[in-house]
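Dock chain B against the given chain A, drawing on the hints supplied.
What follows is each chain in one-letter form.
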Amino acid sequence: MSHQQQSFWTKYIFSTDHKTIGKQYLFFGLFFLLWGGLQAMVIRWQQIYIGVEVPLVGKLIWPDSGGILTPDIYNQLITMHGTIMLFWAITPLLTGAFGNFVVPLQIGARDMAFPVLNMLSFWVFFLSGGVLLGSHFLKTGPSASGWTAYPPLSTPVGGIPGWGQTMWILSLVLMGVAVILGAINFVTTVIRLRAPGMGFFKMPLTVWGFWLSSILNAVFVPIIAAGLIFLLLDNVLGTQFFIAGSKATVKGGDPLLYQHVFWLFGHPEVYILILPVWGIVSDLLATFSRKPAFGYKATVVSMCTVTALSGLVWGHHMYVTGMSPLLGKSFMFLTLLISIPTSIFFLNWIGTMWKGSLRFDVPMLFTMSIVFVFGLGGLTGLYLATVTSDMYLHDSMFLVGHFHYTLAASVFMASFAGIYFWFPKMFGRLMDPLLGKIHFWVSFLCLNYVFFNMIVVGYAGQHRRLFDPAVYDFIKPLMPLNKMISMFAFALGLVQLLFFFNFFRSLFRGKKADRNPWKAATLEWTLDHPIPHGNFQGEVVVKTGPHEYSHPDFKGRDWIAQTEELPKQ
Amino acid sequence: MSMAQTMDIRRVDQLPVGKLGIWLFLLMDGLSFATILIGAAYLRANGALWPRAGTVLNVPLTAVNTVVLFLSSFTMMLALQAVRADDQRGFKKNLFLTLALGALFLGIQAYEYTHFIVGGEHLKTALAAAGFEGQHFFRPGSSIYAACFYGATGFHGLHVFAGLIFMIYIIALALRGRWSAAHHGRVEVLTLYWHFVDLMWMFVFTVVYLL
Chain A
1 MSHQQQSFWT KYIFSTDHKT IGKQYLFFGL FFLLWGGLQA MVIRWQQIYI
51 GVEVPLVGKL IWPDSGGILT PDIYNQLITM HGTIMLFWAI TPLLTGAFGN
101 FVVPLQIGAR DMAFPVLNML SFWVFFLSGG VLLGSHFLKT GPSASGWTAY
151 PPLSTPVGGI PGWGQTMWIL SLVLMGVAVI LGAINFVTTV IRLRAPGMGF
201 FKMPLTVWGF WLSSILNAVF VPIIAAGLIF LLLDNVLGTQ FFIAGSKATV
251 KGGDPLLYQH VFWLFGHPEV YILILPVWGI VSDLLATFSR KPAFGYKATV
301 VSMCTVTALS GLVWGHHMYV TGMSPLLGKS FMFLTLLISI PTSIFFLNWI
351 GTMWKGSLRF DVPMLFTMSI VFVFGLGGLT GLYLATVTSD MYLHDSMFLV
401 GHFHYTLAAS VFMASFAGIY FWFPKMFGRL MDPLLGKIHF WVSFLCLNYV
451 FFNMIVVGYA GQHRRLFDPA VYDFIKPLMP LNKMISMFAF ALGLVQLLFF
501 FNFFRSLFRG KKADRNPWKA ATLEWTLDHP IPHGNFQGEV VVKTGPHEYS
551 HPDFKGRDWI AQTEELPKQ
Chain B
1001 MSMAQTMDIR RVDQLPVGKL GIWLFLLMDG LSFATILIGA AYLRANGALW
1051 PRAGTVLNVP LTAVNTVVLF LSSFTMMLAL QAVRADDQRG FKKNLFLTLA
1101 LGALFLGIQA YEYTHFIVGG EHLKTALAAA GFEGQHFFRP GSSIYAACFY
1151 GATGFHGLHV FAGLIFMIYI IALALRGRWS AAHHGRVEVL TLYWHFVDLM
1201 WMFVFTVVYL L
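Chains A and B, in that order, give the protein sequences. 23 is the number that our numbering gives to position 23 of the first sequence; each next residue is one higher, with no gaps. Adding 1000 to a residue's 1-based position in the second sequence gives its number in our numbering.
So that you can see chain A by itself, here it is in the shape it has in the complex:
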């Protein structure tokens, strides 16, 4: 491909450059983050002001009900909040934006292995987002069967009218196609396009994270795609794969089959989303502690172990479906087994920071907070993985709190860490550190208040997805706490506007960044902004590992780029 003479369209819109595609994903993901976040605000509003008109936007969006949420609208909101955040906000922000932008740079490649496929993948993703957004404009509203879309709710016998569910399935199938194309690209790129000298154990842990995550995508997205096609047939062709009981006209359909297929994908999906986070955290902790990552190989092996185990634990989502106790115990054992490799790299994170020269730049603050919030998320996971305690906690707010600690808190803190960290490489400017620190502290305090107290009300027995929690007498005493959760959630939402302000202001007015503002050692920081299409001029030869910080025999500066030789002993 010629890297010169490009029109506006091929340079910014239908670009095959992984860096441009990464930025496209970034804006796409931020848009959906905002959308899903607003939905969360409305959900929290409903939890405390039941039957009160939603301020500002209520009458505009739901004129039929006078801006008041009905149970149907509430169900649509929780469905869309979950779906959008998982598949159209987290996925493009991590794998889409950072995966595309960072992985080829960090392994010394000139682009992804299949640049055209990469572009195609983004545009299929874009289309899928369009289909999902389009479903909001249906007269009957979007899907309302929860982000898990369990049958029979998600089938014609479930009583949810209209095309919302069908469009939900279509958009997810399209998203699956985009993710599959992306996975082929990432796996191939990392296997084939590493620069000379970039052995697997010299790769930054970020690359490991994205690579393992792509392998999981490659294995498990085709499975859910097949399951969704069956669900689609149930919706449009009148088959009854997932329909049983009195509504079924033919014998043999089974909603549990859907749950098995969904969670066979669904559980690895959370690792698909969190593996890049682990990688980014491991790298950023080393960079900002000015120390090599502690136990690099142990971290890699642990991440690989989790990847392998992730496909064997889906049953822990289904303890209450009447599963055989023996099977439940097996799933419990395998799930708890995951805490061993997780603890290993968790300990390595602390080891990396131990006695380091910590620099509390904004990306580091976010990264350190992940160590905390992911720890809480992981620990609460143990209660849900244990059959006996899950019987009580299943489908309670405890689960919602746990899930938001692992995915919302950890993943979004990592997305922000990544944005603050790579912003200078992407756009050549630094984001404002003071605004960044305010954004961090308010977000950190608020999200901990919100999600920790979700765990508390869940432990006290509040069920998830309740339209009006106060209809239950035993939840009434929890309503003041629910109210406080909502207040802190609103504050959490508001402070994100500060982030968006900082982001867009810094795009144009931010302080110009030099080549390596964080004094990091990985390959992307050896390039000046703007990085040309094709990235590296001449051949890149990698000579050292990704975290050579504070080498005792290297004088002058405290980092050694991966292209430099280690000093002789």
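Worth double-checking, as some hints may not be accurate.
Partial pick of chain A residues on the chain B-facing surface, computed with a CB cut under 8 Å [claimed, not checked]:
#1 191
#2 225
#3 229
In the SDA-like style, the derived pairs of lysine to any residue whose C-alpha atoms are separated by at most 20 Å in a straight line are [to be verified]:
#4 B:1019 to A:192
#5 A:251 to B:1166
#6 A:247 to B:1124
#7 A:247 to B:1047
#8 B:1124 to B:1136
#9 A:519 to A:553
#10 A:511 to A:434
#11 A:251 to B:1052
#12 A:519 to A:567
#13 A:23 to A:429
#14 A:251 to B:1038
#15 A:247 to B:1130
#16 A:251 to B:1141
#17 A:511 to A:427
#18 A:247 to B:1081
#19 A:251 to B:1130
#20 A:251 to B:1131
#21 A:251 to B:1135
#22 A:251 to B:1045
#23 B:1124 to A:23
#24 B:1019 to A:120
The calculated label-pair distances, taken between Cβ atoms and stated as ranges, are [what the hints assert, rightly or not]:
#25 B:1176 to A:134: 37 to 45 Å
#26 B:1096 to A:236: 30 to 38 Å
#27 A:304 to B:1016: 56 to 64 Å
#28 B:1034 to A:465: 44 to 52 Å
#29 A:463 to B:1016: 52 to 60 Å
#30 B:1122 to A:466: 26 to 34 Å
#31 A:529 to B:1016: 40 to 48 Å
#32 B:1100 to A:337: 32 to 40 Å
#33 B:1027 to A:465: 32 to 40 Å
#34 B:1128 to A:236: 25 to 33 Å
#35 B:1118 to A:329: 21 to 29 Å
No lab work stands behind these hints: they were computed from the structure. Heads up, the beta-carbon is just placed ideally off N, CA and C, and yes, glycines get one too.
Frame of chain A, contents of chain B only:
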């Protein structure tokens, strides 16, 4: 962008990136097929009425169809060998044969679908003998057995269809003399895909028609 252009930005050691990519894709696609067929087996074990082989589905006709698809895999292989030997005439001839056989396969499948969807006295008798008393049609909603039949063969048929589109694209470029012994990466990709679709049919045929 063509394969050659993809190669420019490849790393120095010149490994076939395209082949790795298509193998990964086939692995993933295989998992989709596996999910569908294991799902069908699950529903069968769950108590769906599953008639004896050959009572509803036309096994002899489909056996012929299986041979048609196998033959197309064979001609595809001949096409690849021809292009490797730079035999343009043999290459094009075998590509057209493969296209025709693939289209014939889809045609026979469409005939079978039509027969089931339109229905008739003959079908009604067969269905009654298979345990579906009083049913006139064999449509997706008629039974779990039918749903699995349409799900699995439809998913496979879509793959054949996509392969034919890909093949038409390869043929269009072949007519312009695009492929040579030195340069036919995408022909290899098509060949791998086509053999894969053939392989998957073996499983679909076994699980849906024979077992």
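Hints, one by one, checked against the model:
1. 191: Holds, about 7 Å.
2. 225: holds, 6 Å
3. 229: Cβ of residue 229 of chain A sits 7 Å from chain B, so the hint holds.
4. B:1019 to A:192: holds, 11 Å
5. A:251 to B:1166: Status violated; Cα separation ~39 Å.
6. A:247 to B:1124: The hint is violated at about 25 Å.
7. A:247 to B:1047: Measuring from Cα to Cα gives roughly 16 Å; hence the hint holds.
8. B:1124 to B:1136: Holds, because 5 Å separates the two Cα atoms, which is no more than 20 Å.
9. A:519 to A:553: holds, 18 Å
10. A:511 to A:434: Holds, at roughly 13 Å.
11. A:251 to B:1052: holds, 17 Å
12. A:519 to A:567: holds, 18 Å
13. A:23 to A:429: holds, 14 Å
14. A:251 to B:1038: holds, 18 Å
15. A:247 to B:1130: Violated. Residue 247 of chain A to residue 1130 of chain B sits at ~24 Å, over the 20 Å cutoff.
16. A:251 to B:1141: The hint holds at about 11 Å.
17. A:511 to A:427: Since the Cα atoms of residue 511 of chain A and residue 427 of chain A sit roughly 11 Å apart, the hinted pair holds (cutoff 20 Å).
18. A:247 to B:1081: Cα-Cα ~56 Å, so violated.
19. A:251 to B:1130: holds, 15 Å
20. A:251 to B:1131: holds, 12 Å
21. A:251 to B:1135: holds, 14 Å
22. A:251 to B:1045: This hinted pair holds, its Cα atoms lying about 12 Å apart.
23. B:1124 to A:23: violated, 59 Å
24. B:1019 to A:120: Holds. Residue 1019 of chain B to residue 120 of chain A sits at ~19 Å (cutoff 20 Å).
25. B:1176 to A:134: 37 to 45 Å: holds, 40 Å
26. B:1096 to A:236: 30 to 38 Å: holds, 36 Å
27. A:304 to B:1016: 56 to 64 Å: With a Cβ separation near 26 Å, residue 304 of chain A and residue 1016 of chain B fall outside 56 to 64 Å, so the hint is violated.
28. B:1034 to A:465: 44 to 52 Å: violated, 33 Å
29. A:463 to B:1016: 52 to 60 Å: holds, 54 Å
30. B:1122 to A:466: 26 to 34 Å: violated, 56 Å
31. A:529 to B:1016: 40 to 48 Å: violated, 34 Å
32. B:1100 to A:337: 32 to 40 Å: violated, 54 Å
33. B:1027 to A:465: 32 to 40 Å: holds, 37 Å
34. B:1128 to A:236: 25 to 33 Å: Holds, since residue 1128 of chain B and residue 236 of chain A (Cβ atoms, about 28 Å apart) stay within the stated range.
35. B:1118 to A:329: 21 to 29 Å: violated, 52 Å
Checked against the numbered hints given earlier, this structure breaks hints 5, 6, 15, 18, 23, 27, 28, 30, 31, 32 and 35; the rest are met.
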